[in-house]
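Now for the letters of each chain:
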Amino acid sequence: MPNDTTSNIPTSGTKSGRTAPPPTERIPVLKWIRENLVSSPLNTVVTIICVFGLIYTVPDFISWSLLDAVFNASSHEDCRAAAGACWAVVADKHRPMFFGVYPYEEHWRLLLGLIIYCGAVGLTMLPKCWSYKFLVPLWLFTLFSTLTLMWGGVLGLAEVDTSQWGGLPLTMVLFSGTIVVGFPLAILLALGRRSDMPAVKAVCVIFIESLRGVPLITILFVAVNVFPLFLPQGLEFDKLLRVMVGMAIFFACYQAEVIRGGLQAISRGQYEAAEALGLGYWQTMIRIILPQALRICLPGIVNHVIAAFKNTSLVLIIGLFDMLTATTSVMQDPEWRRFTLEAYICVGFVYFCFCYALSKYSQQVERWLGEGKRF
Amino acid sequence: MSASDKNQPTQGSIFYDQGFRSIVYQILLAVGLGYVGWALFSNVIENLDRQGIATGWSFLWTSSGFDIGESVIEYDAGDTYGRALLVGFLNTVRVAFLGIIFATILGVFMGVARVSRNWLLSTISSWFVEIGRNVPVVLHVIFWGTVIHLLPQPREAMVPFEGAFIMNRGFVMPFPVYDDAYPWVGLGLIVGIAGVVFLNKWAQAKRERTGQYIHTLWPGLGIFFGCPLVVWLAFGAPLVWDVPALKGFNFQGGLQLSPEFIALLVGITVYTASFIAEIVRSGIQSVPSGQVEAAGAVGLRQGFIMRYVVIPQALRVIVPPTASQYLSLTKNSSLGVLIGYPDLVNIGNTTLNQTGQAVEAITIMMLVYLGISIVISLFMNFYNRIVAIKER
Amino acid sequence: MTKSIKTFAALAIAGAVSMTSASVALAEDGPTLKAVKERGEVLCGVHQGRYGFAIADNQGKWKGLDVDFCRAVAAAVLGDSEKVKYIPLGSVQRFPALQSGEVDMLSRTTTVTLTRDSALGLNFGPPTFYTGTGFMVRKSIGATKVEDLAGAAVCVFPGSTTEKNIASLFAAKKLDYKPVVIESSKQLVGAYMSGRCDVLSMDQAGLPGHQQFDADNPADHVILPGVFSKEPLGVGVRAGDDQWFDIIKWVTHATFNAEEWGVTSANASDLKANSTDINVQRLLGAKGDLGQKLGLGNDWAYNVISQVGNYGEIYDRNWGPPLNLDRGVNNLWTNGGLMYGFPMK
Numbered sequence: 000m001p002n003d004t005t006s007n008i009p010t011s012g013t014k015s016g017r018t019a020p021p022p023t024e025r026i027p028v029l030k031w032i033r034e035n036l037v038s039s040p041l042n043t044v045v046t047i048i049c050v051f052g053l054i055y056t057v058p059d060f061i062s063w064s065l066l067d068a069v070f071n072a073s074s075h076e077d078c079r080a081a082a083g084a085c086w087a088v089v090a091d092k093h094r095p096m097f098f099g100v101y102p103y104e105e106h107w108r109l110l111l112g113l114i115i116y117c118g119a120v121g122l123t124m125l126p127k128c129w130s131y132k133f134l135v136p137l138w139l140f141t142l143f144s145t146l147t148l149m150w151g152g153v154l155g156l157a158e159v160d161t162s163q164w165g166g167l168p169l170t171m172v173l174f175s176g177t178i179v180v181g182f183p184l185a186i187l188l189a190l191g192r193r194s195d196m197p198a199v200k201a202v203c204v205i206f207i208e209s210l211r212g213v214p215l216i217t218i219l220f221v222a223v224n225v226f227p228l229f230l231p232q233g234l235e236f237d238k239l240l241r242v243m244v245g246m247a248i249f250f251a252c253y254q255a256e257v258i259r260g261g262l263q264a265i266s267r268g269q270y271e272a273a274e275a276l277g278l279g280y281w282q283t284m285i286r287i288i289l290p291q292a293l294r295i296c297l298p299g300i301v302n303h304v305i306a307a308f309k310n311t312s313l314v315l316i317i318g319l320f321d322m323l324t325a326t327t328s329v330m331q332d333p334e335w336r337r338f339t340l341e342a343y344i345c346v347g348f349v350y351f352c353f354c355y356a357l358s359k360y361s362q363q364v365e366r367w368l369g370e371g372k373r374f
Numbered sequence: 000m001s002a003s004d005k006n007q008p009t010q011g012s013i014f015y016d017q018g019f020r021s022i023v024y025q026i027l028l029a030v031g032l033g034y035v036g037w038a039l040f041s042n043v044i045e046n047l048d049r050q051g052i053a054t055g056w057s058f059l060w061t062s063s064g065f066d067i068g069e070s071v072i073e074y075d076a077g078d079t080y081g082r083a084l085l086v087g088f089l090n091t092v093r094v095a096f097l098g099i100i101f102a103t104i105l106g107v108f109m110g111v112a113r114v115s116r117n118w119l120l121s122t123i124s125s126w127f128v129e130i131g132r133n134v135p136v137v138l139h140v141i142f143w144g145t146v147i148h149l150l151p152q153p154r155e156a157m158v159p160f161e162g163a164f165i166m167n168r169g170f171v172m173p174f175p176v177y178d179d180a181y182p183w184v185g186l187g188l189i190v191g192i193a194g195v196v197f198l199n200k201w202a203q204a205k206r207e208r209t210g211q212y213i214h215t216l217w218p219g220l221g222i223f224f225g226c227p228l229v230v231w232l233a234f235g236a237p238l239v240w241d242v243p244a245l246k247g248f249n250f251q252g253g254l255q256l257s258p259e260f261i262a263l264l265v266g267i268t269v270y271t272a273s274f275i276a277e278i279v280r281s282g283i284q285s286v287p288s289g290q291v292e293a294a295g296a297v298g299l300r301q302g303f304i305m306r307y308v309v310i311p312q313a314l315r316v317i318v319p320p321t322a323s324q325y326l327s328l329t330k331n332s333s334l335g336v337l338i339g340y341p342d343l344v345n346i347g348n349t350t351l352n353q354t355g356q357a358v359e360a361i362t363i364m365m366l367v368y369l370g371i372s373i374v375i376s377l378f379m380n381f382y383n384r385i386v387a388i389k390e391r
Numbered sequence: 000m001t002k003s004i005k006t007f008a009a010l011a012i013a014g015a016v017s018m019t020s021a022s023v024a025l026a027e028d029g030p031t032l033k034a035v036k037e038r039g040e041v042l043c044g045v046h047q048g049r050y051g052f053a054i055a056d057n058q059g060k061w062k063g064l065d066v067d068f069c070r071a072v073a074a075a076v077l078g079d080s081e082k083v084k085y086i087p088l089g090s091v092q093r094f095p096a097l098q099s100g101e102v103d104m105l106s107r108t109t110t111v112t113l114t115r116d117s118a119l120g121l122n123f124g125p126p127t128f129y130t131g132t133g134f135m136v137r138k139s140i141g142a143t144k145v146e147d148l149a150g151a152a153v154c155v156f157p158g159s160t161t162e163k164n165i166a167s168l169f170a171a172k173k174l175d176y177k178p179v180v181i182e183s184s185k186q187l188v189g190a191y192m193s194g195r196c197d198v199l200s201m202d203q204a205g206l207p208g209h210q211q212f213d214a215d216n217p218a219d220h221v222i223l224p225g226v227f228s229k230e231p232l233g234v235g236v237r238a239g240d241d242q243w244f245d246i247i248k249w250v251t252h253a254t255f256n257a258e259e260w261g262v263t264s265a266n267a268s269d270l271k272a273n274s275t276d277i278n279v280q281r282l283l284g285a286k287g288d289l290g291q292k293l294g295l296g297n298d299w300a301y302n303v304i305s306q307v308g309n310y311g312e313i314y315d316r317n318w319g320p321p322l323n324l325d326r327g328v329n330n331l332w333t334n335g336g337l338m339y340g341f342p343m344k
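Residue numbers (numbering that gives the first Met the number 0), protein chains in the order written: chain L, 0 to 374; chain E, 0 to 391; chain A, 0 to 344.
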């Protein structure tokens, strides 16, 4: 209900027939409190409950996590003696947690690779940079430079096998592989599902619907246990590659539905105009339809990208050492075992930062679309 | 999307004809897929044969030899693998069913809280939702598993109320002992629900006919609680509590929820609830404010506006994504393998290890989950058709 | 514009192919031996962490009895016992990993059973360690025999023979129990140490290590006396590759025979040059061509003994101090144990 603040409209409620001036608070803080916290009896009750709840939990939490906490400890004895959280466990163990079993001296390569990678992602998020001429060379450069840094073997860098990749860089590798392989596949599946050819449509529908109905874990099991049986003897694929393909296929099935929604929103006039110009099917798609469709469904795409990032944590089950698995295995050290909770909170915080940033970006894109910004 | 008529005769050669080309492509696709499928299949057979791994489904009727920590039905180590997988399936259904209920309640509450005018409530709930959404579900489940491990031992268990105990072995509370009257009480409950539905329909028809508004809240509650109560009293009000008592290593008796079950349930519930909260929020905000203002202008009261104007329209936006969230929760219940909850994937994993038959075990798992997802999709399509806006 | 897209696409595909070709090993249609020689290292599946069998220290160096047998195979095949990649495997992952080719050999405290030997498509070498199922409980419980464990929560690995053993043991004694199964070794031990379960059950040889190194106070825990099953632990390989199976078998027998004939890592080179015992000469390659029959060089056993040691040295290195496990049946047959090296001629 709109707040009626004009005071000159006669109301019929008062006895003398004159209107009373509206209640205006001169102090903005009180006005804000009145409107947001105590505007109605129900609201007041809710406020009281919330305040009591906060008083009950927040001081305890602050004292556990900040005041009594141990941030830097020379050994676990200091942590055991303290009553608060033991953040020192992260200080002690952050290398294996975030970098896995990668050789200790080569961690600088991982850090450099991460910086390049995050820089590329950041640039990709700016609409100004959305042109093939810029993005394709950027990502090719990122791909080659990060893989070279991580793998080594050239330019005087020591070679590090994929089985030693772990922690946050492995999460990034899985994530990028999923997106890079899965996104073109998603586009193909979406186009196939909307195709006029019944065989193509049937194949795509069956593929998408059956893979969307199964948990990602079972697909990872297939990739690890069953996929090698499909290959002729002597041909073997790296486990990391198999897992990445499995996750990419899963990602593609969900993404195909989002893209299909975007394709449905393009009016027939666009197709007809492209035909009138004499463009073939693929030319129409690549140059006219897909750029528009992808822009429309961009928020949905980003949502699934966030989900793909979170899904990388599932490799805990099949033994690839991503950030979460590395933390779990590192925290079994009997001296620090009782502080596992603090380590998990830290890892959760890292995930939270990445996903929150991506979701804020998604909201920004929605806003741009709502304003009709052309990009 | 070929917009032009495929049936119009073309001037050029047949190779440029759309119809011809599409047929050729489809034949190529079918042949290609068929070849790849045959090649993969024969490779699998050859590899399994060469390594001497058993194939076939007969393992489902052989004795499993392992025990399962918790089960809805009777099971012991002498039972078959098939029964073990059934136990796993029922455990999945159990945690998924409860998860859906709790996640819906929590999610709706959080969603409504986020759009409330109370700044404190909306900020607190928005923080819950953000933390819930942006942390992977794997970490949620492991986090709660770790928290439960930190609870005290059975001998020093926490006591929230008389007879109930919280400890690192789980949660136990008193539970009524089964009596023959209880199925009849259940029947009474169903009769009560039917009665409430009929009452509401009658009241609505009367209101549309005569404009007279009949309060149905108290009569409805009376019927809902009264019918089963009457049945229960008729049987002599049987109620015997099975109170858990500490014997030896652990508590015996009462309702026992294992820590793995609780950790998995809480983890996936919190995660899914935060997504449902976002969906509810966007659903409520999708109802144009003009609707609410018009309803107010016509003179409808606040409760009426919510019930007859806002919620029906919001539900159309809320229900389809929520259905896919339910499906996602069911699939997330497969994470029981992380903390030792014997769900279908966990038992399937053990089975494929003990028998070596990876292909069969994984096929069973995938088919079961596909079945569940089809059921949920069908149900939601049915619901969508009911509430679809019937345009003029 | 289209041209540049095509060029970039071609470059990207070329890049992707070159990256994957590094990870796709297109070996010829040949046995495991060819693949190992081409790769230049042995892929060995080991336990995620069991003291005495396979444990990695903070620098990532592995040691243990199972680890030493991996090194022995590498020494025999490649001449260098360090050319091994250790792949830690959970109790459920281990067999699919071996079947799918992720590892060449499974030296991972795996009990040889009929089902595993026949239906799983695996072959097992001669047992390298004999043990049985054991139980560890907290002293405060006061249990001294299995009957005292009625109603307990028992931590056990999924997919292990222990899981089946305790099921039948408790059923036979009509005792109730609650299994807590977690695949990750460290999580399972952690669950026992944090009190989630009352009993930790695994191969008895694995328990002293966890008691000494993973418990807050080792004196709080006690291992129940007695063994409750037969657990012969052997190295597993895929079926269908007889040559590789023979190599594994005879490397194991070589270590038994070396101890029986007094060949140690210290005196191996001396004995190779100067021994007059025909057995030792054949073993170390001074006479005969045993190696060639296996598809290896003639100094295969010499490499094994000089770089890794004979069975006695392997045992003492891993089960001497601080674990101090008595050899018991893991001794040579001449000392009343079960380790019997087959004739090497």
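Think of the hints as simulated: they come from the structure by calculation, not from any bench. Don't be surprised by glycine CBs; every beta carbon is placed ideally from N, CA and C. Please note: incorrect hints may appear among the correct ones.
Lysine-lysine pairs mimicking BS3-like chemistry, simulated, CA-CA at most 25 Å apart [what the hints assert, rightly or not]:
#1 A:229 with A:82
#2 E:246 with A:271
#3 A:36 with E:246
#4 A:229 with A:271
#5 A:173 with A:33
#6 L:92 with A:344
#7 E:246 with A:144
#8 A:82 with A:33
#9 A:271 with A:82
#10 A:138 with L:309
#11 A:292 with A:33
#12 A:271 with A:177
#13 A:185 with E:246
#14 E:246 with A:60
#15 L:92 with A:36
#16 A:138 with A:177
#17 A:185 with A:62
#18 L:92 with A:60
Covered stretches of chain L, going by a simulated chain A footprint (3 or more residues, C-beta under 8 Å) [as the list claims (entries may be wrong)]:
#19 46-55
#20 76-86
Against the structure, the hints:
1. Restraint check for residue 229 of chain A and residue 82 of chain A: not satisfied, since their Cα atoms lie roughly 33 Å apart, outside the 25 Å limit.
2. Straight-line distance between C-alpha atoms of residue 246 of chain E and residue 271 of chain A comes to about 66 Å, which puts the hinted pair past the 25 Å bound.
3. With a C-alpha separation of about 60 Å, the suggested pair residue 36 of chain A and residue 246 of chain E falls outside the 25 Å cut-off, and the hint is violated.
4. A threshold of 25 Å between alpha carbons decides the hint, and for residue 229 of chain A with residue 271 of chain A the separation of about 38 Å lies outside it, so the pair is violated.
5. Of the pairs offered as hints, the one joining residue 173 of chain A and residue 33 of chain A is violated, with about 52 Å between alpha carbons and a cut-off of 25 Å exceeded.
6. For a cut-off of 25 Å, the pair hint linking residue 92 of chain L to residue 344 of chain A is broken: about 53 Å separates their Cα positions.
7. Taking the CA atoms of residue 246 of chain E and residue 144 of chain A, the gap is about 18 Å. The hint holds against a cut of 25 Å.
8. Restraint check for residue 82 of chain A and residue 33 of chain A: the C-alpha separation of about 15 Å stays at or below 25 Å, so the hint holds.
9. Straight-line distance between C-alpha atoms of residue 271 of chain A and residue 82 of chain A comes to about 24 Å, which keeps the hinted pair within the 25 Å bound.
10. At most 25 Å may separate the alpha-carbon atoms for a hinted pair to count; residue 138 of chain A and residue 309 of chain L exceed this at roughly 43 Å.
11. Taking the CA atoms of residue 292 of chain A and residue 33 of chain A, the gap is about 15 Å. The hint holds against a cut of 25 Å.
12. Of the supplied pair hints, the one linking residue 271 of chain A and residue 177 of chain A is violated, its CA atoms being roughly 56 Å apart against a limit of 25 Å.
13. About 29 Å separates the Cα atoms of residue 185 of chain A and residue 246 of chain E, which puts this hinted pair outside 25 Å; it is violated.
14. With a C-alpha separation of about 46 Å, the suggested pairing of residue 246 of chain E with residue 60 of chain A is violated against the 25 Å cut-off.
15. A C-alpha spacing of about 37 Å is found between residue 92 of chain L and residue 36 of chain A, which places the hinted pair above 25 Å, so the restraint is violated.
16. Restraint check: the Cα-Cα separation between residue 138 of chain A and residue 177 of chain A comes to about 20 Å, which is no more than 25 Å; the hinted pair holds.
17. Of the supplied pair hints, the one linking residue 185 of chain A and residue 62 of chain A holds, its CA atoms being roughly 17 Å apart against a limit of 25 Å.
18. For a cut-off of 25 Å, the pair hint linking residue 92 of chain L to residue 60 of chain A stands: about 18 Å separates their Cα positions.
19. Judged by the Cβ-Cβ criterion of 8 Å, the stretch 46-55 of chain L is not covered by chain A as claimed, because only 0 of its residues qualify and three are needed.
20. Against chain A, the stretch 76-86 of chain L contributes 0 residues with a C-beta closer than 8 Å to a partner C-beta. That does not satisfy the three-residue criterion, and the hint is violated.
Taken one by one, the earlier hints fail for this structure at numbers 1, 2, 3, 4, 5, 6, 10, 12, 13, 14, 15, 19 and 20, listed in ascending order.
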